[in-house]
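*Asks:* Listed here are the chains, written in short residue letters.
Number of protein chains: 4
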Amino acid sequence: MVLTGPKQLEMQTFDLPNIGADDGLVEVERVGVCGSDPGIYSGSITRGIRPYPIILGHEIVGRIVQLGEEAKKRLDIVEGDRVVLEYAFGCGACRSCLSGNYALCDKNYTYGSMISCKEPPHLFGGYSEYVYIHPRAMVHKIGDSISPDVGVLICAVLGNGIRWLRQVGGVSMGDTVVILGPGLQGLAGVCVAKESGADPIVIIGLSRDKSRLEMAKRFGADFVINSETENPVEVVSQITHGKMANVVMDVTGNPSGAELALSLAGKRATLVLPGIYKGKKASLNLDEAVFREIRMLGVFSHDFRAVEPAIKMVRRSQYPFKELITHRFPLKDAEQALRLVAGEEGEIPLKVVLDPKM
Amino acid sequence: MVLTGPKQLEMQTFDLPNIGADDGLVEVERVGVCGSDPGIYSGSITRGIRPYPIILGHEIVGRIVQLGEEAKKRLDIVEGDRVVLEYAFGCGACRSCLSGNYALCDKNYTYGSMISCKEPPHLFGGYSEYVYIHPRAMVHKIGDSISPDVGVLICAVLGNGIRWLRQVGGVSMGDTVVILGPGLQGLAGVCVAKESGADPIVIIGLSRDKSRLEMAKRFGADFVINSETENPVEVVSQITHGKMANVVMDVTGNPSGAELALSLAGKRATLVLPGIYKGKKASLNLDEAVFREIRMLGVFSHDFRAVEPAIKMVRRSQYPFKELITHRFPLKDAEQALRLVAGEEGEIPLKVVLDPKM
Amino acid sequence: MVLTGPKQLEMQTFDLPNIGADDGLVEVERVGVCGSDPGIYSGSITRGIRPYPIILGHEIVGRIVQLGEEAKKRLDIVEGDRVVLEYAFGCGACRSCLSGNYALCDKNYTYGSMISCKEPPHLFGGYSEYVYIHPRAMVHKIGDSISPDVGVLICAVLGNGIRWLRQVGGVSMGDTVVILGPGLQGLAGVCVAKESGADPIVIIGLSRDKSRLEMAKRFGADFVINSETENPVEVVSQITHGKMANVVMDVTGNPSGAELALSLAGKRATLVLPGIYKGKKASLNLDEAVFREIRMLGVFSHDFRAVEPAIKMVRRSQYPFKELITHRFPLKDAEQALRLVAGEEGEIPLKVVLDPKM
Amino acid sequence: MVLTGPKQLEMQTFDLPNIGADDGLVEVERVGVCGSDPGIYSGSITRGIRPYPIILGHEIVGRIVQLGEEAKKRLDIVEGDRVVLEYAFGCGACRSCLSGNYALCDKNYTYGSMISCKEPPHLFGGYSEYVYIHPRAMVHKIGDSISPDVGVLICAVLGNGIRWLRQVGGVSMGDTVVILGPGLQGLAGVCVAKESGADPIVIIGLSRDKSRLEMAKRFGADFVINSETENPVEVVSQITHGKMANVVMDVTGNPSGAELALSLAGKRATLVLPGIYKGKKASLNLDEAVFREIRMLGVFSHDFRAVEPAIKMVRRSQYPFKELITHRFPLKDAEQALRLVAGEEGEIPLKVVLDPKM
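For the protein sequence lines, the chains are A, B, C and D, in the order given.
Position one of the first sequence corresponds to residue 8 (my numbering), numbered consecutively onward.
Position one of the second sequence corresponds to residue 8 (my numbering), numbered consecutively onward.
Position one of the third sequence corresponds to residue 8 (my numbering), numbered consecutively onward.
Position one of the fourth sequence corresponds to residue 8 (my numbering), numbered consecutively onward.
It should be emphasised that the hints constitute simulated quantities derived from the structure, not laboratory data.
Everything numeric in this text was worked out from a predicted model, so none of it was measured.
Even glycine gets a Cβ: it sits at the ideal position worked out from N, Cα and C.
Possibly wrong hints are sitting among the right ones.
[Claimed, not checked] Partner residues are not named here, just some residues of chain D that face chain B (Cβ under 8 Å, in silico):
(1) Gly27
(2) Asp29
(3) Val175
(4) Asn261
[As the list claims (entries may be wrong)] Counterexamples of contact, computed for chain C against chain A with all Cβ distances above 12 Å:
(5) Gln19
(6) Ala100
(7) Ser123
(8) Met180
(9) Pro239
(10) Ile283
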């Protein structure tokens with residue numbers, strides 16, 4: 008499915024690329040519709056101009072069909088292996104890449120969003136039967152014990168959660184962790200906090216989130232707060248005997264979430280801010296951050312240091328990950344899937360996936 | 008000078024306290040009028056209800072007139088020594104104190120603002136001839152080679168700057184540091200950045216700040232930007248070849264400073280936010296913090312780990328610190344000094360001090 | 008039981024201290040015989056001259072019998088509460104205390120080792136019916152749901168483990184953690200690594216440690232290595248596909264453990280070194296630390312930031328903590344208990360406790 | 008000059024390589040004889056088997072004679088620019104490279120030591136008229152204001168010092184820094200400590216180091232200690248009033264230096280250990296590291312984050328860097344230069360350089 012311009016999606020066919028020693032080809036088993044995909048689809052410009060035509064899709068699970076000899080050695084992967092691909096792979100030469108932060112690569116080398124499919128090897132997106140494995144692509148073997156559906160969650164859901172809350176946010180044992188927004192990233196945050204020894208874990212949602220808040224308990228939440236019927240500041244104060252939270256993450260996608268998050272943070276607490284607020288501004292009383300010496304940390308995406316523990320975590324499999332996949336569509340219904348994720352279909356899904364074999 | 012209520016300042020006389028083994032008495036040589044003093048004077052409530060009557064003044068330089076035996080041993084100080092007192096001393100028992108962050112003490116034990124002078128030992132403020140040395144007071148010998156005027160700058164000006172920019176903000180060698188606001192904290196920030204090996208150091212001010220921006224160069228600034236005639240984002244981009252700043256500190260006291268600071272910060276940069284914005288809210292596009300993974304750090308006050316290097320820095324004395332003291336008043340003119348610092352007298356001073364001997 | 012000099016232990020009776028507003032008295036329910044107690048008993052001088060006579064014992068669980076009004080407010084504890092006391096409490100005034108590291112207090116204010124019982128309030132050790140609660144004592148309510156036996160493990164076993172491996176050592180999710188020595192601190196390390204999301208967790212012991220290595224599996228170990236029959240470097244290399252460990256902790260008490268630990272550490276790994284090697288020197292090839300940029304961290308004791316999560320961890324109670332208590336003695340048999348812990352009785356115990364009510 | 012085997016050095020001539028879009032060629036103006044070069048020359052195996060024949064030399068200063076179009080854009084460099092090359096450049100694909108630590112690259116891609124000159128493009132070492140610029144080579148423009156002699160010091164002397172002491176070691180303002188060994192790395196450490204606001208800075212040497220200790224003062228040392236006539240522990244204790252050092256770096260190359268360094272470190276101090284001890288083992292009483300919670304950090308080489316501030320530091324040029332170059336030889340006398348650096352010629356040089364134009 009090729010996005011030829013804003014809201015213009017069409018099925019196209021490309022020649023399979025020639026594979027050399029350093030690159031490869033993966034047959035897509037499943038691709039997730041990321042919460043950021045509807046924005047790309049509708050043409051919003053957040054990290055730069057979109058190089059149409061592009062193939063959407065960066066939450067990619069598939070099987071290796073072809074892989075160069077060098078790549079096999081480097082990746083310890085062979086044909087037939089089930090793998091996931093990270094969103095970003097980086098140019099390898101800019102300051103961000105050289106510093107180990109290829110997700111912030113100056114060239115935005117990423118699947119499904121910032122590389123045109125006009126020229127060969129074309130296949131830089133997951134809404135497709137095949138995806139090209141760039142020599143610098145971050146490919147991880149996940150094994151057959153992890154299903155394609157659950158595999159979709161590894162990078163951009165769990166990998167994000169691990170990087171944001173634990174590796175950057177620094178959740179420690181016994182920390183009070185509060186998460187605003189019981190979407191996929193919120194639920195991922197809950198189980199990452201649990202795996203990090205946080206205690207208690209609090210999740211905040213709205214009345215319409217009732218079933219998700221219930222599910223949050225199965226992912227490790229100790230308390231759920233309905234912010235429409237309860238005052239989160241009062242409840243968190245009561246739970247913590249006035250100390251408030253050590254780490255707060257706002258994944259509501261709404262700037263008012265960041266504002267509430269600041270109020271829930273205790274002395275020397277950390278606010279984890281993965282956005283995205285689509286340019287809407289947050290109105291923050293920064294004096295609160297001063298008098299309590301709060302750290303507010305913008306965080307973006309995942310890398311291999313987060314994806315590797317995510318794979319291990321899924322393999323140990325103590326959480327009901329597969330229940331997070333709520334909708335499956337064939338590739339041809341990608342537009343419907345995008346509308347669903349955009350919230351334009353009434354119901355609010357958790358993870359929506361596309362299956363090229365359907 | 009006792010503040011008996013908002014904007015009610017009167018001279019009162021108290022009995023000198025009885026000094027035991029653990030406490031002491033200092034004769035005030037000079038006390039600074041802090042930028043936060045006018046707010047306390049006018050009754051603004053930022054960190055809690057003011058316990059009137061209170062004696063204002065926490066930038067205290069003086070000579071020890073009496074000191075208990077235990078205190079002498081603990082502090083390595085004797086009668087006659089010239090000393091400075093830190094703003095905060097902490098209760099020693101709350102979580103902040105036990106964690107080494109006594110400036111964030113739950114009880115707000117501080118000079119000149121949060122302890123009533125109603126009961127003995129009364130003397131908890133610097134607008135006075137004598138100040139009581141609490142057993143937990145953070146007292147530092149500075150020696151006679153540092154003048155009382157310059158001594159006023161050690162804790163709340165240079166100590167703040169060292170803690171904010173270097174110890175929390177983490178300025179490293181070769182970092183591009185941008186400071187917004189060429190007031191005392193801005194100038195202190197410039198020389199702390201210089202002592203930290205930052206290069207280049209940029210300071211941003213307004214047209215009316217012309218002489219201060221010139222002075223900033225003598226404190227180590229490599230570039231000065233007049234934000235009324237130049238576009239700071241463009242200038243910083245040009246200076247840094249598009250990489251923007253590594254560390255940005257906003258000491259404008261105006262939330263628009265924080266907003267501009269965010270725009271000046273490069274990838275994985277640090278924003279140092281010492282406020283105080285007096286409750287005015289900053290309107291921040293947090294997506295910028297996400298896409299560039301920016302850290303925004305609320306910072307508050309100083310402690311002994313910052314004051315000790317501040318004393319050493321002043322002793323090496325390569326900067327024109329004494330020119331920062333622009334006005335001297337006797338105690339009885341404290342009200343005029345407060346109006347001057349509040350910006351109600353037309354001109355904008357740098358450091359205003361009171362001299363009880365005048 | 009009072010230690011009047013090296014290896015001179017006798018039962019003495021003291022008057023109960025007078026309790027004021029800030030201090031208190033606890034009736035001892037159980038006290039652990041720490042691995043360092045035999046050394047104190049036999050007069051070894053590690054952290055300074057012992058101020059005989061002293062009452063041994065710093066792993067203290069008991070019920071509050073008397074508590075001053077100020078202390079009640081500060082600690083949120085009342086008479087009748089079951090509590091644990093931390094080893095150290097600090098003078099509150101030295102640089103270590105002011106920095107939040109009271110376990111490194113210059114004055115070594117600690118229970119059971121460095122305060123003489125000659126003068127009132129006498130009761131500074133746990134091998135006793137009652138212990139004095141100093142105004143700065145770090146007292147934690149644990150509740151009746153935690154038994155006195157398990158309570159003994161909270162501070163100096165689990166609190167140590169949390170501080171050493173997680174808070175200082177920085178174990179992260181998916182890290183390969185290797186622990187040398189399956190004693191109490193080794194087993195505590197295993198479950199702390201588990202609670203921190205480490206994967207895999209490896210423990211190394213000797214042939215005689217067979218049952219402990221089995222127990223380690225129940226605490227979360229994924230692999231056990233008998234270093235007498237297997238080559239630890241080879242096994243860890245195989246488990247990690249040559250990457251070796253991210254974090255290695257040596258709790259063998261033998262310098263050869265530190266030497267092996269260095270060989271097991273991968274690039275940019277962390278070595279956690281809680282010693283104590285009793286002055287025996289480790290012979291380290293530091294070039295290994297250079298070429299792999301290894302961090303070697305000396306760590307000592309616990310503080311409230313570690314004890315609070317330890318209490319939470321015990322309350323969730325997923326580990327067979329109570330099986331760690333292998334021996335119980337009445338106070339009068341303290342000498343036998345000390346010999347047992349010193350390894351002079353043939354068998355090697357895990358935790359040995361004294362019960363003043365026996 | 009090609010090393011065809013241990014101690015077998017001969018002049019050979021190679022064809023200049025063909026330059027494409029991504030690579031280039033530099034004409035060598037000066038190359039430093041690194042302290043590690045004699046070891047490579049004599050065939051010691053530290054980081055792996057040497058792939059003879061190799062061209063020695065990794066402290067390279069020269070002018071660009073040819074540079075591909077892509078490389079020009081990426082590096083912002085053109086023909087004629089004076090540049091320095093970092094020692095390591097990394098494979099770009101291993102875990103170390105992907106984490107931003109290319110100096111620890113699994114493949115040891117480095118100039119002058121680990122790449123054979125048997126095959127084209129041959130020119131991977133600085134003891135040569137020309138050096139090949141690999142597509143991943145870390146090339147920095149230094150400008151004509153920095154002389155070739157001083158340029159030699161930028162990467163492996165000052166870049167090392169900045170990374171070791173400041174970026175990893177974390178020297179802060181007002182820290183007491185002690186450096187053992189007044190060789191090039193010791194002197195570099197002194198001025199890096201100075202630029203970092205350390206105070207006081209102490210350097211320790213032997214009687215034969217008299218002139219270097221004098222020079223250390225010009226680089227910023229406040230105290231010099233002759234460890235043959237003074238007791239360093241006593242002197243540092245006196246200077247610091249018993250607190251001992253915050254940061255200690257051992258660059259003696261002798262394990263006894265590391266042992267002394269540990270004794271000089273205060274509570275929660277940092278030991279910076281760049282080695283190399285050539286496999287000789289240090290005998291450390293690790294209990295000291297435990298009771299004072301000392302961090303011992305292995306550090307290795309430099310990267311662009313250290314080299315960029317090194318260039319800025321040299322440009323500001325407040326230190327007598329050029330006096331550090333004590334000997335100059337033509338390429339043909341490389342063997343003599345190596346013997347000199349190895350200490351086999353009686354006198355002990357500071358920096359020895361080779362000039363291909365001599």
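*Asks:* Take the hints in turn and mark each one as holding or not.
*Replies:* Quick rundown of the hints versus the structure:
1. Gly27: 26 Å, violated
2. Asp29: 21 Å, violated
3. Val175: 11 Å, violated
4. Asn261: 28 Å, violated
5. Gln19: The assertion about Gln19 of chain C holds, with a minimum of 39 Å to chain A.
6. Ala100: 22 Å, holds
7. Ser123: 35 Å, holds
8. Met180: 4 Å, violated
9. Pro239: Since the minimum Cβ distance to chain A is about 22 Å, Pro239 of chain C lies beyond 12 Å and the statement holds.
10. Ile283: Per Cβ check, Ile283 of chain C is outside 12 Å of chain A; nearest 24 Å; holds.
This entry does not satisfy hints 1, 2, 3, 4, 8, going by the numbered hints stated previously.
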